[in-house]
Amino acid sequence: MITLTVNDQSYTVDVEPTMPLLWVLRDVLHLTGTKYGCGMAQCGACTVHLNGEAVRSCVTTVARAVNQKVITIEGLSSNNTHPLQRAWAEEDVPQCGYCQSGQIMSAAVLLRENPNPTDQDIDDAMSGNICRCGTYQRIRKAIHRAASLQKEGGVQ
Amino acid sequence: MSSTTYSRRRFLQTGGTLTGGLLVSFFIPASAKRLGEKAASADVLFVPNAYLSITPDNNIKILLSHVEMGQGVWTTLPMLMAEELDCDWDKISVEHAPPGEPYKHTAYGIQITGGSTSTWSEFDRYRNAGATARALLVQAAAQKLNVPVSAIKTEKGFVIAGDKRISYGELAEAASKLPAPTNVTLKDKKDWQYLGKPMRRLDAKAKTNGAAKFGLDVYFPDMLIAVVAHSPVFGGTVKTFDASAAKAVKGVRDVVKIPTGVAVIADHFWAAKKGRDALKIDWDPGAGKSFDTVSQFQEYKKLAGTKGTPAGKAGAVDEAMPKTTKKIQAEYIFPYLAHATMEPMNCTVKVTGNTCEIWTGTQMPGLDQAAAAKILGFKPEQVTLHTQFLGGGFGRRATPGSDFVSEAVQVAKASGKPIKLVWSREDDMRGGYYRPAFLHQVTIGLGNDGLPAAWQHRIVGQSIVAGTPFEGMIKDGIDATSVEGVNDSPYLESIPNYSIELHSPKTPVSVLWWRSVGHTHTAFVMETLIDELATAAGKDPVAYRRSILKSKRHLGVLELAAEKAGWNNPLPAGQFRGIAVHESFGSFVAQVAEISIDKGQLKVHRVVCAVDCGTAINPEGVRAQMESGIIFGLTAVLYGEITLENGQVKQRNFHDYKILRMNEAPLIEVHILESGEKMGGCGEPGTPPIAPAIANAIFAATGKRVRQLPLKPADLKQA
Chain U
1 MITLTVNDQS
11 YTVDVEPTMP
21 LLWVLRDVLH
31 LTGTKYGCGM
41 AQCGACTVHL
51 NGEAVRSCVT
61 TVARAVNQKV
71 ITIEGLSSNN
81 THPLQRAWAE
91 EDVPQCGYCQ
101 SGQIMSAAVL
111 LRENPNPTDQ
121 DIDDAMSGNI
131 CRCGTYQRIR
141 KAIHRAASLQ
151 KEGGVQ
Chain B
1 MSSTTYSRRR
11 FLQTGGTLTG
21 GLLVSFFIPA
31 SAKRLGEKAA
41 SADVLFVPNA
51 YLSITPDNNI
61 KILLSHVEMG
71 QGVWTTLPML
81 MAEELDCDWD
91 KISVEHAPPG
101 EPYKHTAYGI
111 QITGGSTSTW
121 SEFDRYRNAG
131 ATARALLVQA
141 AAQKLNVPVS
151 AIKTEKGFVI
161 AGDKRISYGE
171 LAEAASKLPA
181 PTNVTLKDKK
191 DWQYLGKPMR
201 RLDAKAKTNG
211 AAKFGLDVYF
221 PDMLIAVVAH
231 SPVFGGTVKT
241 FDASAAKAVK
251 GVRDVVKIPT
261 GVAVIADHFW
271 AAKKGRDALK
281 IDWDPGAGKS
291 FDTVSQFQEY
301 KKLAGTKGTP
311 AGKAGAVDEA
321 MPKTTKKIQA
331 EYIFPYLAHA
341 TMEPMNCTVK
351 VTGNTCEIWT
361 GTQMPGLDQA
371 AAAKILGFKP
381 EQVTLHTQFL
391 GGGFGRRATP
401 GSDFVSEAVQ
411 VAKASGKPIK
421 LVWSREDDMR
431 GGYYRPAFLH
441 QVTIGLGNDG
451 LPAAWQHRIV
461 GQSIVAGTPF
471 EGMIKDGIDA
481 TSVEGVNDSP
491 YLESIPNYSI
501 ELHSPKTPVS
511 VLWWRSVGHT
521 HTAFVMETLI
531 DELATAAGKD
541 PVAYRRSILK
551 SKRHLGVLEL
561 AAEKAGWNNP
571 LPAGQFRGIA
581 VHESFGSFVA
591 QVAEISIDKG
601 QLKVHRVVCA
611 VDCGTAINPE
621 GVRAQMESGI
631 IFGLTAVLYG
641 EITLENGQVK
651 QRNFHDYKIL
661 RMNEAPLIEV
671 HILESGEKMG
681 GCGEPGTPPI
691 APAIANAIFA
701 ATGKRVRQLP
711 LKPADLKQA
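Each protein sequence line maps, in turn, to chains U and B. Throughout the first sequence, residue numbering follows the UniProt record's numbering, covering 1 to 156 in sequence. Throughout the second sequence, residue numbering follows the UniProt record's numbering, covering 1 to 719 in sequence.
What the hints contain is simulated information worked out from the structure, not anything from laboratory work. Where a beta carbon is used, it is the ideal one built from N, C-alpha and C, also for glycine. Incorrect hints may appear among the rest.
[What the hints assert, rightly or not] When the alpha-carbon atoms are kept at most 25 Å apart in a straight line, the in silico DSS-like pairs for lysine-lysine are as follows: (1) K678/B to K564/B; (2) K213/B to K250/B; (3) K141/U to K658/B; (4) K197/B to K239/B; (5) K153/B to K190/B; (6) K717/B to K141/U; (7) K289/B to K506/B; (8) K164/B to K91/B; (9) K326/B to K539/B; (10) K273/B to K417/B; (11) K704/B to K141/U; (12) K506/B to K564/B; (13) K658/B to K717/B; (14) K141/U to K603/B; (15) K650/B to K280/B; (16) K417/B to K257/B; (17) K417/B to K141/U; (18) K205/B to K151/U.
[As the list claims (entries may be wrong)] Counterexamples of contact, computed for chain U against chain B with all Cβ distances above 10 Å: (19) Q9; (20) T12; (21) Y36; (22) M40; (23) L50; (24) T60; (25) V66; (26) K69; (27) P94; (28) Q137; (29) R145.
[As the list claims (entries may be wrong)] Listed next, the stretches of chain U that the computed footprint assigns to chain B, with coverage defined by at least 3 CB atoms under 8 Å from CB atoms of chain B: (30) 1-8; (31) 23-34; (32) 80-92; (33) 98-105; (34) 115-126.
Given only the sequences and the hints, what does the whole structure look like? Please build it.
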């Protein structure tokens, strides 16, 4: 049995310690906001926060999350109030939307570490996340907008 | 929701009874033209179409006959409805329609989302739906208030008569008992309040908090996960297999043989995948085992040296060509391309007694429903299909043979278990249904005026419809999707002698439409050759196009893109630009690409795009689709290539089938030319011009022509 905390809720699951956190979240806990895209840390769709750090849950064993704090897109904010979620809607970012959970979770760590990112900072932080619909330009804009919203007091 | 065809009468009655609100269905003439069939010109079909419901608390639910895969119909179709219904935009909720007669494509006659057709094909139907509902609500209010209809106006979900104000919701029940009007008048364009205005996406919230349900997100108790071991070679079959080690994996529940391979069924994906890894299968690879893409292009080259099936002709090329003194000869090669949607293929199936439920993201729910029914020996109405959000489509989720849906149904049937079939990224990458590989061979003879006097063009590549239920689309031996963009090129008008021929060889590799279909390669060939002709004539590429293009809409976007890009102004040192213009799916797009080449690496700095889609219903959606199409096309220029050796696909995941990333994404400017001409689509037309625009910019930088995609290091070196 493995115990982990996801979005401030404690879960005990009967899985092998080597099972990737992604599949525990999706297929055992049914938190499906975290997406499967590649299974080899190439696309970033599965990005979650492990103790505040962005990790690719498809290559992170559940053993690493034992007694640690995991935040998924479902736990990022209540009712879409995170500045990134607001900015994403205002800049009309999502298209198919499949990659956007991962994009937002990566961007959330960037914004926390660097409240005033430049385009270069954004490119550096976000180039591990693939968007097949090509929403990159809007993601860049939305991150800048979220940075402004955050300054105006939109921080959680 | 079953697929039964409702009569209007029953529809309205049912709506009134079941929901305590208003369900609107209506009849309008729809074209009888079906894919692969001749249009029945004189027949006018009357079919019940899309509908909406209004609840007593004044909420509006809109059902979509088209599916949302990123292109924005979740917002655009409700805009059409809301414009005429005059409802409160914030009270709208949206759902995918089930398979059914009312939701068939107004031009194609089957339920399909594709060909960049959703907005124009629903422009009348959805506006009519809204107008019909509004007329009924107004009529109900007139009766209730005992005032003439002319004394009533509507505003944001309310009927207003003098100082009286009644919500649509309050009138819904009364309205549902009225006969639908036979004629409604649609608003004049100048009175539009939503259409033509940039509207934000209605699915943005669900797509930023994890709530949006894609096919892969379906779950219900007792559901198991299935993965399938497919033959490594296209067309291969299972000879024997040993499942003992697979069954020993913790969490594995069953292993079953199905027509496309061996399925491992488990509690979760991880166990299923481990189980599959433990399978021992002896495959009979079949005839496909000797196929490789290197020899394929050698064969294609030989074929191009022979006469093909005529796809377009004027004058007499054979006579005119020898008389020309200067010739341009070019051979182009385009590889197989995978769609690589972010969400891999998947489908959930639950068979209970004599009914079946399916959850999946699909562009053709009706065909998938029929395919499932056939496998199970059911009638289509025994199969309920719940369309989920599509994590990308690009054509991949519109397989005429319903490949992944059929496979999931086969697993459910063989195992007797409710399952979610999940393809891994590797399964997806190697699963076929690619953009076909193509080769073009072109010889152009120039007249003394520098203009093309003779043009011989041979195209070699697989038909995407041969051997499928859509084979009827092939006319006189020509699959139009193989030659579109060449045999209807606007430049042909200025060429007195031309011959366009097609060879459609068969290979073991399954092929399919891929965002912008034939235009993915034909636009590249035409627009790089026109650039080459301009150079040969010693003319500026824009001026040369201007001199031989007669099409007003091509010229319109050409001029707009050139002007907005500052075509005549110098660029910073080391930067170069190229231009291309192309029509596809009824829309006209020109793009200027600004590039530099540094240490053998291509950098695309900026793309200026001009689009004329007739009327831009949601300009923000149009811009988003142009941006998307450009990035999609740029990915193919830099990276897109599926190769095969010994019948096996070499690429397997995003490390060797790369997708453009943010640090490589150019700035994109989109300018909309609101021509008011016939409406075209926007999902695909942004893709074709970007590759030739970049290739033309590379020529400006290096003096070398690009003849093959994706780019090779040699393409970026100086001539």
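Structure-based check of each hint:
With a C-alpha separation of about 24 Å, the suggested pair K678/B and K564/B falls inside the 25 Å cut-off, and the hint holds. Between K213/B and K250/B the CA atoms are separated by roughly 28 Å; this puts the pair beyond 25 Å, and the hint is violated. A C-alpha spacing of about 24 Å is found between K141/U and K658/B, which places the hinted pair at or below 25 Å, so the restraint holds. The suggested pairing of K197/B with K239/B is violated, with an alpha-carbon distance near 60 Å, which exceeds 25 Å.
A distance of roughly 18 Å separates the Cα atoms of K153/B and K190/B; the hinted pair therefore holds under the 25 Å criterion. Taking the CA atoms of K717/B and K141/U, the gap is about 34 Å. The hint is violated against a cut of 25 Å. A distance of roughly 15 Å separates the Cα atoms of K289/B and K506/B; the hinted pair therefore holds under the 25 Å criterion. Among the hinted pairs, K164/B with K91/B is consistent with the structure: their alpha-carbon atoms are about 21 Å apart, no more than 25 Å.
Using a Cα cut-off of 25 Å, the hinted pair K326/B and K539/B holds, with the two alpha carbons roughly 16 Å apart. Between the alpha carbons of K273/B and K417/B the distance comes to roughly 18 Å, so the proposed pair stays at or under 25 Å and holds. For a cut-off of 25 Å, the pair hint linking K704/B to K141/U is broken: about 36 Å separates their Cα positions. Proximity of K506/B to K564/B is assessed by CA-CA distance (about 44 Å); at most 25 Å being required, the pair is judged violated.
The suggested pairing of K658/B with K717/B holds, with an alpha-carbon distance near 22 Å, which does not exceed 25 Å. Distance restraint check for K141/U and K603/B: the Cα-Cα separation of roughly 20 Å lies within the 25 Å cut-off, and the hinted pair is therefore satisfied. Restraint check for K650/B and K280/B: satisfied, since their Cα atoms lie roughly 21 Å apart, inside the 25 Å limit. This hinted pair checks out: K417/B and K257/B have alpha carbons roughly 14 Å apart, not beyond 25 Å.
Under the criterion of a C-alpha separation no larger than 25 Å, the hint pairing K417/B with K141/U is inconsistent with the structure, at around 47 Å. A C-alpha spacing of about 22 Å is found between K205/B and K151/U, which places the hinted pair at or below 25 Å, so the restraint holds. Listed as a non-interface residue, Q9/U keeps its Cβ farther than 10 Å from every Cβ of chain B; the least gap is roughly 15 Å. Every beta carbon of chain B lies more than 10 Å from that of T12/U, the smallest distance being close to 16 Å; the non-interface claim holds.
Once the 10 Å rule is applied to beta carbons, Y36/U is inconsistent with being away from chain B; the minimum gap is 7 Å. The beta carbon of M40/U is not kept farther than 10 Å from every beta carbon of chain B, the shortest such distance being approximately 6 Å. Once the 10 Å rule is applied to beta carbons, L50/U is consistent with being away from chain B; the minimum gap is 17 Å. Every CB of chain B lies more than 10 Å from the CB of T60/U, the least distance being 13 Å, so the non-interface label holds.
V66/U, annotated as away from the interface, keeps every beta carbon of chain B farther than 10 Å; the closest lies near 17 Å. The claim that K69/U is not at the interface with chain B holds, since no C-beta of that chain comes within 10 Å of its own (minimum 18 Å). For P94/U, the shortest C-beta to C-beta distance to chain B comes to about 4 Å, within the 10 Å cut-off, and the non-interface label is violated. In this structure Q137/U is not separated from chain B by more than 10 Å, as the shortest Cβ-Cβ distance comes to only about 6 Å.
At roughly 13 Å from the closest C-beta of chain B, the C-beta of R145/U stays outside 10 Å, upholding its exclusion from the interface. Requiring three or more residues with a Cβ within less than 8 Å of a Cβ of chain B, the coverage given for the region 1-8 of chain U is violated, as only 0 such residues are present. Taking a C-beta to C-beta cut-off of 8 Å, the region 23-34 of chain U contributes 9 residues in contact with chain B, enough for the three needed, and the coverage statement holds. Coverage of the region 80-92 of chain U by chain B holds. Counting CB-CB distances below 8 Å, 7 residues qualify, and the rule asks for three or more.
Restraint check on the region 98-105 of chain U versus chain B: 5 residues with Cβ-Cβ distances below 8 Å, three needed, restraint holds. Judged by the Cβ-Cβ criterion of 8 Å, the region 115-126 of chain U is covered by chain B as claimed, because 4 of its residues qualify and three suffice.
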